[in-house]
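Chemist: Protein chains in written order, with my numbering: chain A, 1 to 398; chain B, 1 to 352; chain C, 1 to 188.
Keep in mind that the hints were calculated from the coordinates and are not lab data.
All C-beta atoms in this analysis are idealised placements derived from N, C-alpha and C, irrespective of residue type, glycine included.
Only true hints are included.
Covered stretches of chain C, going by a simulated chain A footprint (3 or more residues, C-beta under 8 Å):
#1 77-89
#2 113-119
Below, computed lysine-lysine pairings styled on BS3-like, alpha-carbon distance capped at 30 Å:
#3 A:Lys54 / C:Lys75
#4 B:Lys53 / A:Lys185
#5 B:Lys155 / A:Lys205
#6 C:Lys74 / A:Lys59
#7 C:Lys181 / B:Lys81
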Amino acid sequence: MIIEKELTTKYLTVSMGPQHPATHGVLRLVLELDGETVVKCTPDIGYLHRGLEKLAENKTWPAAMTLTSRLDYCSAVANESGYCLAVEKLLGVEVPERAKFIRTMTCEMVRIASHIIWLSAHAIDIGAMTVFLYAMRDRELILDLFEMLCGARLLHIYPRIGGVRCDVDQKFLDGLWDFTEKFPKLIEEYETLIDQNRIWLQRTKGIGIVSAEEAINMGLTGPVLRGSGVPYDIRKIAPYDAYDKVEFEVPLGKNCDVYDRYRCRMEEFRQSNKIIRQCIEKLPDGLALNPDAPGLDMMPGPLKKAAPAPAPAADGTPASKVEDGPAFTEIYSATEVPKGELGYYFVSDGTGKPYRMKVRTPSFIHISALQRLCVGVLVADVIALIGTVDIVLGECDR
Amino acid sequence: MDNNILYSGFYKLLGITGEPGALAMTVAALLAIVVVLVAVLLHVAYATYFERKVIGHMQMRLGPMRVGWHGLLQPFADGLKLFFKEDIFPAGCYKTVFRLAPIYSLFAALSSLAVIPFFGTFYIANINVGILYIFAISGVGTYGIIMAGWSSNSKYAFLGGMRSAAQLISYEVAMGLSLVGVMIMSGSLNLIEIVEAQQTHWYGMYLIPQFLGFFVFAVSAFAETNRTPFCLPEAESELVAGYFAEYSGMRFSLFFLAEYTAMIIMSSMSVICFFGGWTLPPFLTDAIPALNMVPGVVWFAGKVYFHIFVFYWVRATLPRYRYDYLMRLGWKVLIPLALVNIVVTSIIKYLA
Amino acid sequence: MGRLEIDMGPKEAAEALKSSFASEVREIAEFKGGQVSVTVAKAKIREMMRFLHDAPELQFQFLSEIGGVDYMGKKEPRYEVIYVVFSMPHKAYLTVKAQVPEDDLAIDSVMDIWVGADWRERECFDMFGIKFNDHPDLRRILMPDDWEGFPLRKDYPLQADLGDREWKGYLDVVALYERNKKYEVHSR
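Same shape as in the complex, but just chain A (with noise of 0.2 Å):
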């Protein structure tokens, strides 16, 4: 007589961080695996929460700049660009032309930093080592050049509402002009590498596909969601600073695979050397910081009363303001960071401070999208889904 036992497996459930070298950052995704498949894959954030948005509700306009570039570390500059931009419309304040091309010149150059990190994470996560340290030899260039410009290597803080701290010089546009001439064929040493090998096909082509409407859905935004072929590009929908008087193309995926998005972001490498280059030839003269914009002595002011009570709707509800309350002012502004959509969603009470300060990283959405997307792989190809949804935990967190 035979006696059969059920036979049950059970899952194993891995924790993948926070400590580890594929995570870029502070992340813990802890892992449901059946075998080599994962059945659940559950993102835990937090660990990098600096409570940035309660900060700033304590800080005067300028002096709150200064933790949005903490935000994506590896492209401050277009941080604080988004912010400036926000509170210029605010505070309705004027950008001298001058400063309008400095700062998509400056924007330009750090995406093209913030891409080469993502190249170099993503390539040695998938294994490719040398790929890792060719980039990093070119972004040692950005980065010198940034130093010749404001001083600072990494988080530059140097937009300012009105315009830009310091105004740039001869030596500075000679030393970005020869980096676009030299960058090109560096990007080609890169390709060279890992754009044809058979492994790195394997790797990436049919991973990770997210159709449109799925990622339309889920709110992803930037290379991940031009991947999928949606042109979804804020620098063309709702062109700012200088994105209408430059010429550029967006590029856009067909496969929606791992493949693709790093096709995309390949390709705005060339568009942002591209816009580089039209920034320096078109360069106006004029003054780099608007003199009446709010410095950095602004000081808090006294809270700005409202109307009077507006008087109540035709059917008789009454209006929803508290007799004598402040007048809140709000905007909503977006826009094209490396990584996606930056949205910066302020209500201000007339005091200069801002009174509620809410960032919309596209960290945030797309590590919520791993969520899905993980489902069914390997345990490999949870690494190369990270690398391709590109996220920064300080933007996740803030």
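With chain A fixed as given, assemble chains B and C onto it according to the hints.
Modeler: Leaving out everything else, chains B and C in the frame of chain A:
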């Protein structure tokens, strides 16, 4: 043992003439083992140094530069550091097996050195089933990895151990089959006779008729030594060193030594079976008789160093294979190729 | 996304919303930069969002952000949950502000319309304590799971020295340090 310079050298040293007794043979064997071990372990130590240097230069950086002139004393610095590190046992680990695993791995790697003839007269033992012995020992070496992964009581190490064991077993089949062609052509399993058989052809190397076998052997060698592109078990960015993640200090260095020794053994096997060992092809020695004056060890060492350089080169260049592609390659591509090689070789040998 | 006859800006979209849900819409405000915000009551927020998402002439398919604001003492009701939506064919942003009073701190979740609303609503709950009905997994996201209090409320201090009432995780770390101090190698 008659024409083995190691043993005859030791007999002269010990002052024995004529037929050596059992005690003399034992002592001479032990001395021979010591000589070979010291030589190989020094090579292994410097293999780690040269890996960092070579890969560094390929990546436009310098590698170790501080310890000694251009970092030449780096292996000793690393060894000393690992020696003094704290001996950590993970909580809940199975202590006996934990202690045994690195010793087992190193034992498997070093035992294979016993039959490798470094040049015609320099070997510890010359057995008639040299190739079979090496495969048997490397098969046994798989146990060390499984023991390490399981006894660490850590999920990462366990996953790494399982993956590695599956990989090793799959590629052993392909490796064995790829050498069958060499065995057919040379008619023997004895490593010295394989090299001498290659000398009978004008091209001097089995690489030329057995290119398919060499290709399969080379790919399997990468997989057997857990090197890129098959370095999945120790993929740093996925499992943080895989099956030896929980080891520290001297135990970790034993695993490391085992890995590099395996690299040297695979290179030596490839040199002996496919590249003519310590000899040059006859058409070269006929053309330039002066080359005969160069001792065989120079050619053997040169060829092995070239193989190890290719190991480093591939590590710097290629990304890593995913687990299912690795398995697919081993079972569905390499084994059929090796079988085709065997069939074609047998037909040609039968007709010739 | 089909062809549309009129080019609808955010103001027209807000008017369309008001004409469909007149009882819920409290106010339409236009502020600088051409942005329009619609203040609504929270009761039918899910239907309003679905209307904005599905209506063929509106097509606000992209949810940019969900956030909370605390107007303690300055405005009644106390909380507002803002939804910023974007329409791809019209290239227009619209801000919908749902008012949530303090004594009924709950609002419907829009997760069935946008899957990406998941974590943003969790963050709103974590920071303000606003509950989202029908959310499958409403728990803290940025703060530790056993944290007490809701940090972004206006009555939550920026800095405070709580002594023994600190978060337990921090007290554990301090205790561990005290216990292991005797193994310190360096003398102080």
